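S.K.: The whole structure should be built from the sequences, with the hints applied where relevant.
In order, the protein sequences belong to chains P and B. Under the numbering used here, read the first sequence as residues 1 to 158, first letter to last. Under the numbering used here, read the second sequence as residues 159 to 866, first letter to last.
Please keep in mind that the hints were generated in silico from the structure rather than gathered at the bench. All clues stand as given, with none of them false.
Each computed EDC-like pair below joins lysine to aspartate or glutamate, with the alpha-carbon atoms no more than 20 Å apart: (1) Lys-366(B) - Glu-90(P); (2) Lys-94(P) - Glu-760(B); (3) Lys-743(B) - Asp-132(P).
Predicted model only: the values in this text are computed from it and were never measured.
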Amino acid sequence: MERPISFTLNGRATRITVDNERMLLWVLRSDLGLTGAKCGCGEGLCGACTVLVDNQAVRSCSTQVKDVAGKRVLTIEGLARGGHLHPIQEAFVKHNAFQCGFCTPGMILSAYALLAEKAEPSLDEIVNHMDDNLCRCGSHPRVLEAIEEAAAAMKRGV
Amino acid sequence: MKRREPAGDPSRRGFLALGGTGLFVFFAAERSPAFQQAAGQGYPSDWNAYLRIGADGRVTCFTGKVELGQGTTTALAQMLAEELDVAFDSVDMVMADTGVCPWDRATVGSLGISQFGPVLRAAGAEARSVLLEMAAERLRVPVERLRVAAGVVAESAAPGNRVSYAQMVGGKRIERHVQGAPLKPASAFRIVGKSAPRKDAIDKVTGKAKYSADVTLPGLLHARLVRPPVLSARLRGADTSAAEKLPGVRVIRDEGLIAVLHERPDMADEALTLVKAEFERPQPGPDDKTIFDHLVKNAPTPRVVDEKGSLAEGEKLATTVAARKYMNGYIAHAVLETYSAMASVEGSRATVWASTQVPFRTKQEVAQVLGVPPDNVRAIASFVGGAFGGKCYGTPPLEAARLSRIAGRPVQVVFDRAEEFRFGRLCPAAVVEIRSGLTGEGKLAFWDFKTYGGGPQEAKSFYDAPHQRTLSAGSWQATSNPPGLHPLGVGTWRAPAGPTNTFARESHIDVLANMVGADPVEFRFRNLSDKRMRRALEVAAERFAWKPAKTPSGRGVGVACGVYSGTYMATMAEVNVDRESGQVKVKRIVFAHDQGPTVSPEGTRQQIEGAIVMGLGYALTEEVRFQSGDVLSRNFDTYEIPRYSWLPKMEIVLIDNPEAPVSGCGEPPVINMGAVIANAIFDAVGARPLQLPMTPQRVLASISTVQP
Numbered sequence: 001m002e003r004p005i006s007f008t009l010n011g012r013a014t015r016i017t018v019d020n021e022r023m024l025l026w027v028l029r030s031d032l033g034l035t036g037a038k039c040g041c042g043e044g045l046c047g048a049c050t051v052l053v054d055n056q057a058v059r060s061c062s063t064q065v066k067d068v069a070g071k072r073v074l075t076i077e078g079l080a081r082g083g084h085l086h087p088i089q090e091a092f093v094k095h096n097a098f099q100c101g102f103c104t105p106g107m108i109l110s111a112y113a114l115l116a117e118k119a120e121p122s123l124d125e126i127v128n129h130m131d132d133n134l135c136r137c138g139s140h141p142r143v144l145e146a147i148e149e150a151a152a153a154m155k156r157g158v
Numbered sequence: 159m160k161r162r163e164p165a166g167d168p169s170r171r172g173f174l175a176l177g178g179t180g181l182f183v184f185f186a187a188e189r190s191p192a193f194q195q196a197a198g199q200g201y202p203s204d205w206n207a208y209l210r211i212g213a214d215g216r217v218t219c220f221t222g223k224v225e226l227g228q229g230t231t232t233a234l235a236q237m238l239a240e241e242l243d244v245a246f247d248s249v250d251m252v253m254a255d256t257g258v259c260p261w262d263r264a265t266v267g268s269l270g271i272s273q274f275g276p277v278l279r280a281a282g283a284e285a286r287s288v289l290l291e292m293a294a295e296r297l298r299v300p301v302e303r304l305r306v307a308a309g310v311v312a313e314s315a316a317p318g319n320r321v322s323y324a325q326m327v328g329g330k331r332i333e334r335h336v337q338g339a340p341l342k343p344a345s346a347f348r349i350v351g352k353s354a355p356r357k358d359a360i361d362k363v364t365g366k367a368k369y370s371a372d373v374t375l376p377g378l379l380h381a382r383l384v385r386p387p388v389l390s391a392r393l394r395g396a397d398t399s400a401a402e403k404l405p406g407v408r409v410i411r412d413e414g415l416i417a418v419l420h421e422r423p424d425m426a427d428e429a430l431t432l433v434k435a436e437f438e439r440p441q442p443g444p445d446d447k448t449i450f451d452h453l454v455k456n457a458p459t460p461r462v463v464d465e466k467g468s469l470a471e472g473e474k475l476a477t478t479v480a481a482r483k484y485m486n487g488y489i490a491h492a493v494l495e496t497y498s499a500m501a502s503v504e505g506s507r508a509t510v511w512a513s514t515q516v517p518f519r520t521k522q523e524v525a526q527v528l529g530v531p532p533d534n535v536r537a538i539a540s541f542v543g544g545a546f547g548g549k550c551y552g553t554p555p556l557e558a559a560r561l562s563r564i565a566g567r568p569v570q571v572v573f574d575r576a577e578e579f580r581f582g583r584l585c586p587a588a589v590v591e592i593r594s595g596l597t598g599e600g601k602l603a604f605w606d607f608k609t610y611g612g613g614p615q616e617a618k619s620f621y622d623a624p625h626q627r628t629l630s631a632g633s634w635q636a637t638s639n640p641p642g643l644h645p646l647g648v649g650t651w652r653a654p655a656g657p658t659n660t661f662a663r664e665s666h667i668d669v670l671a672n673m674v675g676a677d678p679v680e681f682r683f684r685n686l687s688d689k690r691m692r693r694a695l696e697v698a699a700e701r702f703a704w705k706p707a708k709t710p711s712g713r714g715v716g717v718a719c720g721v722y723s724g725t726y727m728a729t730m731a732e733v734n735v736d737r738e739s740g741q742v743k744v745k746r747i748v749f750a751h752d753q754g755p756t757v758s759p760e761g762t763r764q765q766i767e768g769a770i771v772m773g774l775g776y777a778l779t780e781e782v783r784f785q786s787g788d789v790l791s792r793n794f795d796t797y798e799i800p801r802y803s804w805l806p807k808m809e810i811v812l813i814d815n816p817e818a819p820v821s822g823c824g825e826p827p828v829i830n831m832g833a834v835i836a837n838a839i840f841d842a843v844g845a846r847p848l849q850l851p852m853t854p855q856r857v858l859a860s861i862s863t864v865q866p
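M.R.: Next up, the structure:
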């Protein structure tokens, strides 16, 4: 059923009228023009559609819009502020932690959720947290390095 | 065959002599040898087709190559910057847009650097020579007394007497050419051979990178097609009435094509679920278990890939003989971006955005399906979300074009994950039979290799058997196979035929080494005179700290060698095998790589790491399952690709070999992974899986054959 729904999107109050049972991914991509979140599998199995809802990583392909009412949604487009990359983005660039880049927005936001919860995760904790984010190009070792480096940089307050 | 180059490409026109301007003008085909060779491959022979120098000093490089993630954007920018003598940072890349880029056949086969690279370098070198001549006239100093750095030409003795490329060119096209502009020798390289920051980095970490499903136009409609449940099923009819009742849904029927369209992709998905379609299913063919017998039985007459000596003579020399049959299932590309395309057809003109490795072929095919001249079609492959050979095919651009013409609006067609598995062109299932023998000294006496269904690439052995024969019957080239040989679509998959043929050969070499109680590395050296392969094996053994032992040693270490497209590789692995569950964990991979010269060591390492990770998949889990024609692998729960938790420790050694011809690194490093893990499993448990992927079930079955 079409009804108005309000949430914070990348720091801005947003109010749209949509069928609130639609999945967040398609509303972001198609209604709101934010295409950073990708559809890789459509069933919450690959993580390419990952966005943050109140700092938790969620699969936007399997999250209904009504579930984000009143919450803070962050997509990859909202991560860099004032022209400055977030330390996680910086670390991904430095380590070339991507090839095709299709999974990258989801990887970065999953890493963000981890570091928001735990500032100094161990390598095993990073692996466990990231394990359901799939990458076909095999950038995994570089992503792990990037997350470790970003954690250190964020701790230093960079 | 159609002419390869677009007829309207200005770079292919002969240039009129501009008598009044004082500029020398030549006809394209008569110029530098590098460009004559380029033209022979179909590339334009005017350097203007590849680069423009703007008034702001920025250099725009145009190439028909596609950025698939492999880093071509960066490596090509390095090559152009090097020859042109401009800063790497000043080069902007425009790629894979048939409207503005020079013709290119395809981004495949790890050929971007080895085949297109020299053409781009020749363009840069000629442009540099032209600019030097222009600077000489302007500065009134002979060319010999000029120096170029970062796009500025200066008199060597009086650096204040200078002029920049931008000042001379200012964004204009320079109708001037020189003959035989020399390429820089490798010893003079300052940019090539060193790692450069990826040009696509910022776009990819900020979400700005646009893949074809991200492109949008006013009025865009998303289409879902009524597709058959089985590849060759025929549509009998479809009831679309329920779908049509959904608000905003439009149904289009056009010669066997039925589509539901909506402004929102998820609403189009929903509409598709309401369509009741009936199909006529073909007789069920082989399934994923019977496919191997099917391939051997139905393969065409084998062709001889290579033959030396006489197998009968070799049999006489042999004191030990081993015969084995090796198998590999169908493997999906399983890239994260499914095949997608968007078309906007207006009158007799069309623009198509497609996730493709072959934008120029896409342009031709779309023109054909629309019945318009090729130059009315512009195909663009901006960022592509992984390809590995799979995006050389695909119907979405053609479907989107047909639907857009009928709808009168832009239309997007995107495969869902199940469609990607069902209609993607897979790495073919294959069988390899090897029979071989050793002399009393443990040297190869004969080698008889037959490959069915997979293809002939790198089937020929590089070991020294005096009597050998390599046969190949059927391949990944669907058009060359008898109908029905492969019940699923097949095509190019990273290093076509390489993984299967290498798995078979290198497994069998270990079988032989084991039979004579030899260490697998020592056994290889004993039978190997190829210098590059020996060197790669030496380098790998040194880094791995390989300690010779008879197999199975219980340590779980293995070795495999491979060559693909002129790249030489030796891989060593250490694995842990859980005898209870059959689960294999790869703990360490050492990889020695000789591709000749390297443009970007960092880029090469990324390709190798990626191939090692990807190789874990086909080695251990990846196999498209099918039964009665139905593809049972539908998503990442029923088709498991490698994850973070699978990662081994990886050590990569790039062998410095600047004298060798340049080859590629995109495909080759994937080929050794099945073999090296199989050999390490054997070393661990004394049982050899003969079939890929080596699932826990298959590993347990192998173990049960050797346990009392």
